[in-house]
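Based on the sequences and whatever the hints tell you, model everything.
These protein sequences, in sequence, are chains A and B. Counted from 1, the first sequence has number 150 at position 150 by the numbering used here; the numbering is strictly sequential. Counted from 1, the second sequence has number 14 at position 14 by the numbering used here; the numbering is strictly sequential.
Calculated directly from the structure, the hints in this document are not laboratory data.
Because identical chains cannot be distinguished in the list, a pair is counted as satisfied if it fits within a single copy or across any two copies.
Listed next, the in silico EDC-like pairs over lysine to aspartate or glutamate satisfying Cα-Cα at most 16 Å (straight line):
id, residue 1, residue 2
1, LYS89, GLU177
2, LYS141, ASP51
3, LYS90, GLU178
4, LYS152, GLU43
5, LYS90, GLU177
Number of protein chains: 2
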Amino acid sequence: MADDNLSAAADHNNLAELERVGAGTAIAGEIFGLVGKSQFFAEFSQEDIADLAAYMDVYRAQPGQMIIREGDAGDFMMLIVDGEVDILKKSFRVAQQHMTSAGPGMTLGEMSMIDGEPRFATCIASQLTVFAVLTRDSMAKIILDHPSLGSKILIKMVTMLSLRLRQTSARLLRVMEENR
Amino acid sequence: MADDNLSAAADHNNLAELERVGAGTAIAGEIFGLVGKSQFFAEFSQEDIADLAAYMDVYRAQPGQMIIREGDAGDFMMLIVDGEVDILKKSFRVAQQHMTSAGPGMTLGEMSMIDGEPRFATCIASQLTVFAVLTRDSMAKIILDHPSLGSKILIKMVTMLSLRLRQTSARLLRVMEENR
Chain A
1 MADDNLSAAA
11 DHNNLAELER
21 VGAGTAIAGE
31 IFGLVGKSQF
41 FAEFSQEDIA
51 DLAAYMDVYR
61 AQPGQMIIRE
71 GDAGDFMMLI
81 VDGEVDILKK
91 SFRVAQQHMT
101 SAGPGMTLGE
111 MSMIDGEPRF
121 ATCIASQLTV
131 FAVLTRDSMA
141 KIILDHPSLG
151 SKILIKMVTM
161 LSLRLRQTSA
171 RLLRVMEENR
Chain B
1 MADDNLSAAA
11 DHNNLAELER
21 VGAGTAIAGE
31 IFGLVGKSQF
41 FAEFSQEDIA
51 DLAAYMDVYR
61 AQPGQMIIRE
71 GDAGDFMMLI
81 VDGEVDILKK
91 SFRVAQQHMT
101 SAGPGMTLGE
111 MSMIDGEPRF
121 ATCIASQLTV
131 FAVLTRDSMA
141 KIILDHPSLG
151 SKILIKMVTM
161 LSLRLRQTSA
171 RLLRVMEENR
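Here it is in structure tokens:
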């Protein structure tokens, strides 16, 4: 999509263009399969995962399909169940810079889901990708209806953001040193 | 302190060397004063803050005193009530690199408090600094005893970590571009 469409499409919901596979409960089994593989679900009981799955929807993206667009308003996070997603960011000199990739068990989009700020980067499926979506409204409901599960999810988010912040800060420090 | 002491002191608690001012309830007034100034307390009610203060202890650090040491095990986060803290990180070429500074209303140390990994950076008071401490055990108690307050605190942590991750990633991208 052309860059000059980006600002006009600030409230565009890319999910609407993707194939909705079904309710999270339909793939609770696959989500169980991620337990152990996924940092996100360490310390979650089977019951926790069944409860959480009931608040999620599952989508499928074809290779090359955009799931999240930098600058958009975004109210959901996604858990990759299968496939791979490229994370790209616009920079001053380059149209899109590849920052990293994410695979099964990893989450994306939790920053905008929680803080309501525009999407920081673009996420594009690099292969056929199945992912479960948790919206801000569903997260609010979980906190009210299942406070203990809500806390576990939030603690996981803090843990994963901390890990990324440590990695990004360490990378920044290295790059700054190389520049001296 | 000499660098070669760092690994030996991995479980050293710097708080033990600092002046404990009293229980958080004693400075609930000052904490109320931070509301509005502090991102951390936006959306907290007076009652929330009174509840939270009951789980905190207040310390005072003299200029130059170390509060958190990079590489240590750490089980608390701190909320700066008054003063200023320098954040420093060891790098390959430089003994200590100044990364940023933090002032009243800002929190430090929540990454290690939640994920249990070693402290990522060193925090030194650059002036007389008063701060409130929340330990991992107290956080666990809040989640059990006041689940709604627990969720609010965790949501704030996610928000603040997201902001820092956005800022750090943007800075990394800029530095990488300057290198080309």
